[in-house]
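Protein chains in written order, with the UniProt record's numbering: chain H, 1 to 1009; chain D, 1 to 1009.
Worth flagging that the hints you see were computed from the coordinates, not collected in a lab. Misleading hints may appear alongside valid ones.
One copy or any two copies: either way a pair holds, since identical chains are not told apart in the list.
Said to hold, decoys possible - Once the Cα atoms are required to be at most 16 Å apart in a straight line, the calculated EDC-like pairs of lysine to aspartate or glutamate come out as:
1) LYS929 to GLU986
2) LYS419 to ASP251
3) LYS109 to GLU154
4) LYS962 to GLU329
5) LYS739 to GLU770
6) LYS544 to ASP472
7) LYS877 to ASP508
Being a predicted model, the structure only gives us computed values, none of them experimental.
2 protein chains.
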Amino acid sequence: MGPVRLALLAVVALAAAGEAVYIPYNTSAGVVAGKLNVHVVPHTHDDVGWLKTVDQYYVGSNNSIQGACVQNVLDSLIPALLKDENRKFIYVEQAFFQRWWRNQNDMIKDTVKGLISSGRLELINGGMCMHDEATVHYIDMIDQTTLGHKFIKEEFGQIPRIGWQIDPFGHSAVQVGFDAFYFFRIDYQDRDTRKETKELEVVWRGSKSFGSSADIFAGIFPKNYEPPPGDFYFEVDDDSPVVQDDPLLFDYNVEERVNDFVAAALAQANITRTNHIMFTMGTDFKYQYAESWFRNMDKLIHYVNKDGRINALYSTPSIYTDAKYAANEQWPLKTNDFFPYADNPNAYWTGYFTSRPALKRYVRMMSGYYLAARQLEFFKGKSKSGPTTDYLGDALALAQHHDAVTGTEKQHVANDYAKRLSIGYTRAQELVSTSLACLTELGSKSHCSSPTTKFSQCLLLNITYCPPSQTDFSKGKSLVVLVYNSLGWKREDVLRVPVFSDSIVVHDSEGREVESQLLPIASASLNIRDKHVKAYLGTSPGAKPKFWLAFPVSVPPLGFNTYFVSSMKKSASVSSKSTIYSSQGSENSNLQVGQGNLKLQYNAAGAFSLYSDSRTLIEANFEQKYKYYIGQDGNGSDPQASGAYIFRPNGTVPIKTDSQVPLTVLRGPIVDEVHQQINSWIYQITRVYKGKDYVETEFIVGPVPTDDGNGKEVAAEIVSNMATNKTFYTDSSGRDFIKRIRDYRSEWKIEVHQPIAGNYYPVNLGIYVEDGNKELSVLVDRSIGGSSIKDGQIELMLHRRLLHDDGRGVAEALNETVCLDNQCEGLIIEGKYYLKIDPQGEGSRWRRTFGQEIYSPLLLAFSEQDGGNWANSHIPKFSAMDPTYSLPDSVALLTLQELEDGSVLLRFAHLYEAGEHKDLSALASVDLKRVFPNKKIGKIIETSLSANQERAAMEKKRLKWKVQGPPADGKVVRGGPMDPSKLVIELGPMEIRTFIVNFERSISGKQLL
Amino acid sequence: MGPVRLALLAVVALAAAGEAVYIPYNTSAGVVAGKLNVHVVPHTHDDVGWLKTVDQYYVGSNNSIQGACVQNVLDSLIPALLKDENRKFIYVEQAFFQRWWRNQNDMIKDTVKGLISSGRLELINGGMCMHDEATVHYIDMIDQTTLGHKFIKEEFGQIPRIGWQIDPFGHSAVQVGFDAFYFFRIDYQDRDTRKETKELEVVWRGSKSFGSSADIFAGIFPKNYEPPPGDFYFEVDDDSPVVQDDPLLFDYNVEERVNDFVAAALAQANITRTNHIMFTMGTDFKYQYAESWFRNMDKLIHYVNKDGRINALYSTPSIYTDAKYAANEQWPLKTNDFFPYADNPNAYWTGYFTSRPALKRYVRMMSGYYLAARQLEFFKGKSKSGPTTDYLGDALALAQHHDAVTGTEKQHVANDYAKRLSIGYTRAQELVSTSLACLTELGSKSHCSSPTTKFSQCLLLNITYCPPSQTDFSKGKSLVVLVYNSLGWKREDVLRVPVFSDSIVVHDSEGREVESQLLPIASASLNIRDKHVKAYLGTSPGAKPKFWLAFPVSVPPLGFNTYFVSSMKKSASVSSKSTIYSSQGSENSNLQVGQGNLKLQYNAAGAFSLYSDSRTLIEANFEQKYKYYIGQDGNGSDPQASGAYIFRPNGTVPIKTDSQVPLTVLRGPIVDEVHQQINSWIYQITRVYKGKDYVETEFIVGPVPTDDGNGKEVAAEIVSNMATNKTFYTDSSGRDFIKRIRDYRSEWKIEVHQPIAGNYYPVNLGIYVEDGNKELSVLVDRSIGGSSIKDGQIELMLHRRLLHDDGRGVAEALNETVCLDNQCEGLIIEGKYYLKIDPQGEGSRWRRTFGQEIYSPLLLAFSEQDGGNWANSHIPKFSAMDPTYSLPDSVALLTLQELEDGSVLLRFAHLYEAGEHKDLSALASVDLKRVFPNKKIGKIIETSLSANQERAAMEKKRLKWKVQGPPADGKVVRGGPMDPSKLVIELGPMEIRTFIVNFERSISGKQLL
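Bound-form chain H, shown alone (with noise of 0.2 Å):
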């Protein structure tokens, strides 16, 4: 030959060529006893949001930022299931499937529907979303997962079975009931020692209120969600070696690629009970062409099994399950929950907790409003063609995923689930304003659905907006208030409407003058009017409002009550005009605010110093005050930033606590109100209602100036002298409290790297500490973070504004802007937080039933009158319930719901856990007939929690593991059967109980009055 460089002469052994090589594969494998075996589980984890909004994740759009279209996964997975029967895949987030679903025409349809109930394609954990567990409210999540089990129950008639919380970050004691939970997502160390003592799988059992009752398996992944150790990503263009087994082609390696299957699998194998473990096949939005990992996953159970070492075989979570549950093995038990998350020394997911807290807001904000709504639309009678609270629920369902309230996903996502929420809110506030219509409106029809009352809300009062407040009175028009109740007892509160004029007058429904109070707005909240009217509505927010007018209401369960605003320039009872003082700070050492039975007593620095209750006989000192810690940048030589999930404080800064900060006290008859412009840039206000015993404190912070080149987290303290032992209580999802102790892990030996970071818990509904005579406890208007930071303090994260990414795939810096004419600046925040001091064992009550409140705020919706006529044609008080009848203070009505088919949806909860207070944690009884009185119960059935199967039926499949070491202490007290001749509904500590009730046909004319 010519050239020196000739061929390589290695010969390989090749199978004759041109031959056919077509190898049916053997994928028929089931359980094999006495052997080692690998549920091999396909499976893509789709977010409902992230990096792409959920629109463009599905369609694939915006490829740019990730590549991803869930359209794809489902697409190509159709023919990949056919093509063999044994393959199998599990799908998790609904809000994708049922976008799929309504593309597809009805041949799809049967082979999915064939494929589902098969059990070769499986809908698990069944939400819309896989929700977070840490920012997340227990009546969205309880929503949530109701939405998606009902399409799942409806078309397919399958029950989710299985929990498949894989991704997020961290896990609260509250979840929904299934089989077993699987998830991956536990602090680095937590997990190291769980596998030195193989318990990773253990026996949770997250409620003490419940016992063993609630048990459930979970299932703790070794290392991740995705396949296992030694390459087998098999996504179109991944790395991985495929399994090449074509004889004719170079490279063959069907040898090597079963060992590297045999030794994952007994790596494993080393670290779990039983002879069973589970390779989870796939991850972030894989499966985009299903066939190219199934066609090697069929190979590697066909070889793999030839080999005979291992038994593998294609499987779910349901047959892991089983399997497991066969094996009858005693279970390690784990109690409370798994916060905080961290993968790293370094990196403790607690920022997420109040990452986005506007949006955190907006979500707590709409989801109170859906539950009223859904209320307002079962009275009105759910329309088919009007508006309805649908997507709104479609929403607020999507805002609970693990990268949507949790504020981990980019600007733009966030930008896209606050667009959702605007417009279910759209429509339901019109569903509401038609209903109250249709409710006030005398005479009015069943199903009414044009009434001639028009009503508007105003949700953009916390910025002082409301147009129907703009009425000009002076023309003998009043303004008509109807407040809306959707709790279930009654209430007294304040409220606040932003008025023009000095001379105001307020009577109630049946034409009382109502004593009320004129507060000057501050300016920092006119400030934040204008702009943000104009930066969001994209309009001229109009002349500004010179007052808040507050006045006492007083509103029945499940009901309205109304009240009339008007200018009686004569009238002696006109509105009080607050007295307003204004302190620099040194002159007046003992100011005092409060003009019932709790007091505040300022001291010179303008941080108030003594609380005083003269009820209970509570006095404190403590201190209110703000700091921020500097985010790690993470150029350092530790490249940890902190970001949007990632806390990592590199420093703490106070904010004024050495001089002094002038104050101005508004005083009247209904509240004083103490406001302090802490800084350039956080103002806070901080109220004593006359009629009311705890303190709500408002605060206004941003834009936080990061001209230092800093970013920072501004956190609120509360400090007060109480010896508190390291110890704090927060809660879980807004239901059972939870002791934390700093620096300590109850149930496992904690290294402590970050003793700020490492601290913060998620706070839903509130926080409190206690000294053993009292409690000090705060609650909060959202999810937030919160710590006890030293003994006697808490502090609540309120803001982060940072300038770096924190390295876990957002890739964006967490720093919201708000822009106008192409200004930007930082976001502003507004927001409270209650505060109560309580004799020691008596916090409990108003932490969960002023807590239920602080949920479900009363609903204001506003009409205007002409002259004094609104009552000749309007009923002005209603209640749905029997007047003289209220729920339990221990019962919240969760779910009033109704459905499609006319049913209803039925839910209460018990708010108190055993032994939580001495009166309310016992059992409690709901009489449905008096919920109900003008209504006849035809049929009602009690389901699950998610309301898609019999609770019966439930009861008896549901799988009961044992647990290693002495039987749980303490009897568990659950609500009996429901008699159905007596309608009454019990519930136990903690209890939800679920019900789909079918009302006969309407007893009086108004299918509801």
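Put chain D on the given structure of chain H with help from the hints.
For chain D alone, coordinates are given in the frame of chain H:
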């Protein structure tokens, strides 16, 4: 609401949620008269090796280099095509398709057959690969196309109509006949001109010998072979906006996407004749998940046609071609070829004409060997069980790919091609040895498979490695050299065998002593022997031979002769030792070599100066020199480096022009050799054979040093004083010579930016210049880049070693090395070129006839005999043809190959162009009865070139395109139809005729003899 940051209140118009939005797309459009028709042509371009090997591309391994898996493409294509009967796809590369096909089960095969027979899946181009056109010999083009077409015909009964050479880097005037031919890589200046004049679509008349009879419609794509500008890439994870037409989702964009499509269509229509344009919807390795493309194309076709401005249809190049033809237009004429290709002013793709010169030589050697081996396979009878030539045929087919023999693949891929050739050679060698043994053994039977005579062959003869020649003659053994001639005419040649002894005698098959000559082996040759045998075979080469033994041989057409080399110490006629004379230059200013008609006279400087041929009386002065170009490193302001594709010289460095080159002269009865160590890494041997009237120059070049940081491109120069007027001639793929004029293009005006690289052309057979009196011709042993950069000069780029990648995707510098014991140094090239000066008009005979001998060297097989018994048991001399017959000098037997079904593929080529030689350009005849004197032809069918249809049928279907301008002048000479009774095949100039022959059972006992 709590947070100031409220929703984005933009409420978009949405359909009612929850409704099904299944949309059936209307994709049924055909061509619509009076509208602009956009032919949407879904395709993938799958390189049969480039960055990964062909097998890696097929199975999708090595994805870290490039995410590409052809199995995905074909697997996903089938369900996608089944989903909508209007969807269409073309598939091109049969190497991939065949790999896939043999993996399929019968169900899939049946489905695919249906898709193909209905035209929904069209196999176009149809060769095993999309062959290169610059560095590929026409015989290889034909073979690889035949191989692909055969499969398509046999499995599917289909005949590809369309040439689809979309990626090769320039286009040869030699093409396999199709109705139309589509591609995109032409010079950017040419393209710009053609866009202005709407001449991207032309009728191409590549060969002047054929005139209009071989006219083909050629469509040049306006930009590339990808979707049109405007973001229409729909691969999984591609960035282009998908068509979002679900009204329930955000980002609905149907109007925008329709507008984008229409705009792209109108822009293309603006540079295209007729109202048909083609959108090439695909690119390299796309359709990994085919549905992702079809889903979007379905929507585009549906909505674009709904829009109505233009008509979009699923189409194929066949449908498009028919539409163009139906338009009945006259098209502009294009003659000659499309070389060289530049995509930028400084980016001439003329480097790859030489890149990987060793691989190019290996391919060429194997090509000639394959031709011979198939003859011997036919003679023996094709075996189902034993070794065959099939693997070599397959390996050669792959090697014709436009990233294979081109040298533009990654090193590991080049190794893969070499490995395949090596395996193929090893098998073919076995077959050849067996066949020769069968042919030689007396009494061996038809379909002889296990003869006793063992032959071996010496592939590494060029590096002096030939184990059989190490026979120890001292023990009475002698070396049997069987010499096979695959040409149809008798040959006289000089063999060279390395030997150890200086006392050697050679006998011919009739026992006559043959004159022979011993030439000491140059140390340059021995040095590379040791190293490369170790590097490539992994074994030590053993003792070093001392001499080349040269002796003349004479071999009958399609037959062999046998020679015997032995030691005969006492014989008078022992082999002559060469006389040796060494010069240091100056002392002898008129050194002359040459024992026959041709003499070379060397001047003092060692470059020879006078060529004189006593037969032709030609006398001419010229020099033989070397130089190198410095490869541009791309680091300056212009990033274009010289690399595997692109020749971008940055300065010329002459090698040893001023100083004298010492020379050593070996003289003897057979050959005179002049040895010159040009510099430390170039060794040159110039040979003048007594019986031959041309000069043979062997060069050993390398390792090219790069320690100065420069890549180098080494060229040999032949510098004469001929006045060649900027003009030179290079062959097209070994066929038509095309006139080249420096800095000029015959059909468009060139702006010269690269006066060297822009004048390089591919040389497969040879290059020549002429001055009216004489022709200076140089023939090559592989494809190579060549030019005439100055008048009277010819240069050949012999070797390229570069340090930078040239940015065309391969992402490796072309820096070939050879490694031994982990020590790597630059690749050494060994090769030959041949030079002759003829009287004007006489050069073609040598170029054509000797050119064919270079392509088909004598095949040597070695055996041993003990004593002189060979002749007793063996037939020493053989010709398959009638002993008195020989093919005309103008005709070569291109193919003689037994097919699986026992029929025989027969292909003859006329080697001369019309008018090229006064005698030899005439119509030539082949008398088949004398070619096969011992066989009876039962049936003979003339076919198309690729043997997949009867020629008559093809001629009938062939589209006759109209051409603008006057009709083609001159009479075209073509052979007439063959009379089956006469069995005489006529061939006009450049004509190639292909036949399928069925021989009747052998006439004599032995099938062949």
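Structure-based check of all given hints:
no.: 1; hint: LYS929 to GLU986; in the structure: within (14 Å within a copy, 108 Å between copies)
no.: 2; hint: LYS419 to ASP251; in the structure: between (52 Å within a copy, 13 Å between copies)
no.: 3; hint: LYS109 to GLU154; in the structure: within (13 Å within a copy, 40 Å between copies)
no.: 4; hint: LYS962 to GLU329; in the structure: within (7 Å within a copy, 85 Å between copies)
no.: 5; hint: LYS739 to GLU770; in the structure: within (11 Å within a copy, 100 Å between copies)
no.: 6; hint: LYS544 to ASP472; in the structure: within (13 Å within a copy, 115 Å between copies)
no.: 7; hint: LYS877 to ASP508; in the structure: within (10 Å within a copy, 127 Å between copies)
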